[in-house]
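Let the sequences and hints guide you as you build the complete structure.
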Amino acid sequence: MTKKKVAGSRHALAVAALLALCATGASAQIVIGQTAGMTGSVAASVNETIGGAQLVIDAANAQGGVHGEKIEVIRMDDAFDVKRAGENARVLIEDKKVLALFMSRGTPHSQAIIPWLDKNEVALIGPSTGAMVLHKPLQKHVFNVRATYQREAEKAVQHLLTIGLTRVAVVHVTDSFGADALQGAMTGFTKGKATPIATIPADRDKPDYSVIVPAIKKADAQAVVWIGSGVAVVDGIKALRAAGSAAQVVTLSNNASSGFIKQLGDASRGVIVTQVFPSERSLGQPMVKEALTLAKAKGQAELSPAALEGFASAKVLVEALRRAGPKPTRAKVLAALESLKGYDLGGGLEVSYSPQDHSGIDFADLAIISEGRFKR
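Counted the way mature numbering (1 follows the signal peptide of the UniProt record, and there is no 0) counts, the sequence shown spans residues -28 to -1, 1 to 348.
Everything labelled a hint here was simulated from the structure, so no lab data went into it.
Heads up, some of the hints might be wrong.
[Unchecked claim] Listed below are the simulated DSS-like cross-link pairs for lysine-lysine, each with C-alpha atoms no more than 30 Å apart in a straight line:
id: 1; residue 1: K178; residue 2: K55
id: 2; residue 1: K91; residue 2: K69
id: 3; residue 1: K91; residue 2: K42
id: 4; residue 1: K112; residue 2: K304
id: 5; residue 1: K299; residue 2: K313
id: 6; residue 1: K313; residue 2: K91
id: 7; residue 1: K299; residue 2: K234
id: 8; residue 1: K190; residue 2: K178
id: 9; residue 1: K210; residue 2: K91
id: 10; residue 1: K178; residue 2: K165
id: 11; residue 1: K299; residue 2: K42
id: 12; residue 1: K91; residue 2: K108
id: 13; residue 1: K68; residue 2: K91
id: 14; residue 1: K210; residue 2: K261
id: 15; residue 1: K69; residue 2: K42
id: 16; residue 1: K210; residue 2: K268
id: 17; residue 1: K261; residue 2: K347
id: 18; residue 1: K234; residue 2: K108
id: 19; residue 1: K268; residue 2: K69
id: 20; residue 1: K165; residue 2: K189
id: 21; residue 1: K42; residue 2: K347
id: 22; residue 1: K69; residue 2: K347
id: 23; residue 1: K304; residue 2: K268
id: 24; residue 1: K91; residue 2: K299
id: 25; residue 1: K108; residue 2: K313
id: 26; residue 1: K68; residue 2: K268
id: 27; residue 1: K210; residue 2: K270
Below you can see the structure in the form of C-alpha cells.
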C-alpha cells in the first residue's frame, strides 16, 4: 500500500471514529460517586431515592448537561455494611477520581466516609441520613439537604403525647443512628413533661424480637417509637402484631418508602412514619409537581417520600455543579456549595449553606399508612 493510501486510510478511520462518537451522543462528563445499600436491609428505600435523583439528572442531561457536560453517577453497592461504605468511598474518590460524592445512606456509614472526604477535599452532597453528627459539630465536606432525625423523633413523641398516648416505649438500634434519634425522642419527652415507659435496645444486624416484643408488652405500651432501618423494623412490627399488641407504632423517615409498606403487608395499617418533605401527592407544591411531571414522562404514576428526597438532593447537586462553572473541580464545587444562599427547591423549601452551617432544610411532618399509601 502506498503512503498516500495509508494516510487516506488513517484519515477515514479517524473520521469514522469521530462520527461514531457523535452518534453515541458522547461528551465530556461530570463524574459523581455514590455508595449506598442498593442490596440488603435498606435496599427498598435506597433504590427509590436513586430513582428520584435520576429524574433530575436525566432531565439535566437531556438539556445538554451542565455547561455542556453530562452528569454520570458511578454507584457502588455497600449492602448497608459500614466497612464497605468506607472502602467504596476510597475507591470512588482516590481511584475513580469522582468530582463529589452523593447520597450515602446510613449514619455510621456516612461517618466512615468522612475521613476520605477530609483527606481529599471532596464534598458529600445530600447524605440520606438525618444524623446530628453530620450537622454539629460542622463537617466541612458534608452538605445536608434534609432535616435531622432528632427533629423527627422529637416531633413523633410530641404528637403521641398530644393525642393522649402517655405510655410510650422507645425501641432504638444500638449504633450511632439509634443513639442520635433517641436523644431527639428524649427531648420530646422532656418538653412534654413525660418519660418513656420503656427504652429497649435492638442490635442493628440481629435484633432479638423474643426479648424486644415481650418488653413492650410487659410495659403495657400504648405506643412505640421504633428507631431502626428497613427490614429490622418491618420484622419487629410484624412480631409485635403477632404477639397481639395493638400499640401505635411510629418510625422515622429512613423508612418512608413504598417498599417499606409492601414489606409490612397487612401490618402496615396505621403505622406512622415521620416525613422530611411535603406530601409526594401535593400538586400545589412546585417541587412535587415538577417531580411528578418528570416521573409520569417515564411512565411512573406516582412517587414515594424516599423518591422525593432523592429528587430534592439531586436538585442541590445540579445547582452546585451549575454554580461551580465550566470545567468544575472539587474545590470549585465546595466553594459553590458554601456560597449557596436561599436556593428554592420549590414552594419556599429553601436551602442555604455557609462556612459555618451545612444543615439545609428543617422540615418535619407525619404521615400515616392507610390503604397501602402514606396519608397526611
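To see whether the hints hold, each was checked on the structure:
no.: 1; hint: K178 <-> K55; result: holds, 17 Å
no.: 2; hint: K91 <-> K69; result: holds, 13 Å
no.: 3; hint: K91 <-> K42; result: holds, 27 Å
no.: 4; hint: K112 <-> K304; result: holds, 14 Å
no.: 5; hint: K299 <-> K313; result: holds, 22 Å
no.: 6; hint: K313 <-> K91; result: holds, 26 Å
no.: 7; hint: K299 <-> K234; result: violated, 43 Å
no.: 8; hint: K190 <-> K178; result: holds, 22 Å
no.: 9; hint: K210 <-> K91; result: violated, 44 Å
no.: 10; hint: K178 <-> K165; result: violated, 33 Å
no.: 11; hint: K299 <-> K42; result: holds, 12 Å
no.: 12; hint: K91 <-> K108; result: holds, 20 Å
no.: 13; hint: K68 <-> K91; result: holds, 15 Å
no.: 14; hint: K210 <-> K261; result: violated, 35 Å
no.: 15; hint: K69 <-> K42; result: holds, 16 Å
no.: 16; hint: K210 <-> K268; result: violated, 33 Å
no.: 17; hint: K261 <-> K347; result: holds, 17 Å
no.: 18; hint: K234 <-> K108; result: violated, 35 Å
no.: 19; hint: K268 <-> K69; result: violated, 34 Å
no.: 20; hint: K165 <-> K189; result: holds, 23 Å
no.: 21; hint: K42 <-> K347; result: violated, 37 Å
no.: 22; hint: K69 <-> K347; result: violated, 42 Å
no.: 23; hint: K304 <-> K268; result: violated, 34 Å
no.: 24; hint: K91 <-> K299; result: holds, 22 Å
no.: 25; hint: K108 <-> K313; result: holds, 20 Å
no.: 26; hint: K68 <-> K268; result: violated, 33 Å
no.: 27; hint: K210 <-> K270; result: violated, 34 Å
Hint compliance for this structure: hints 7, 9, 10, 14, 16, 18, 19, 21, 22, 23, 26 and 27 are broken, all remaining hints hold.
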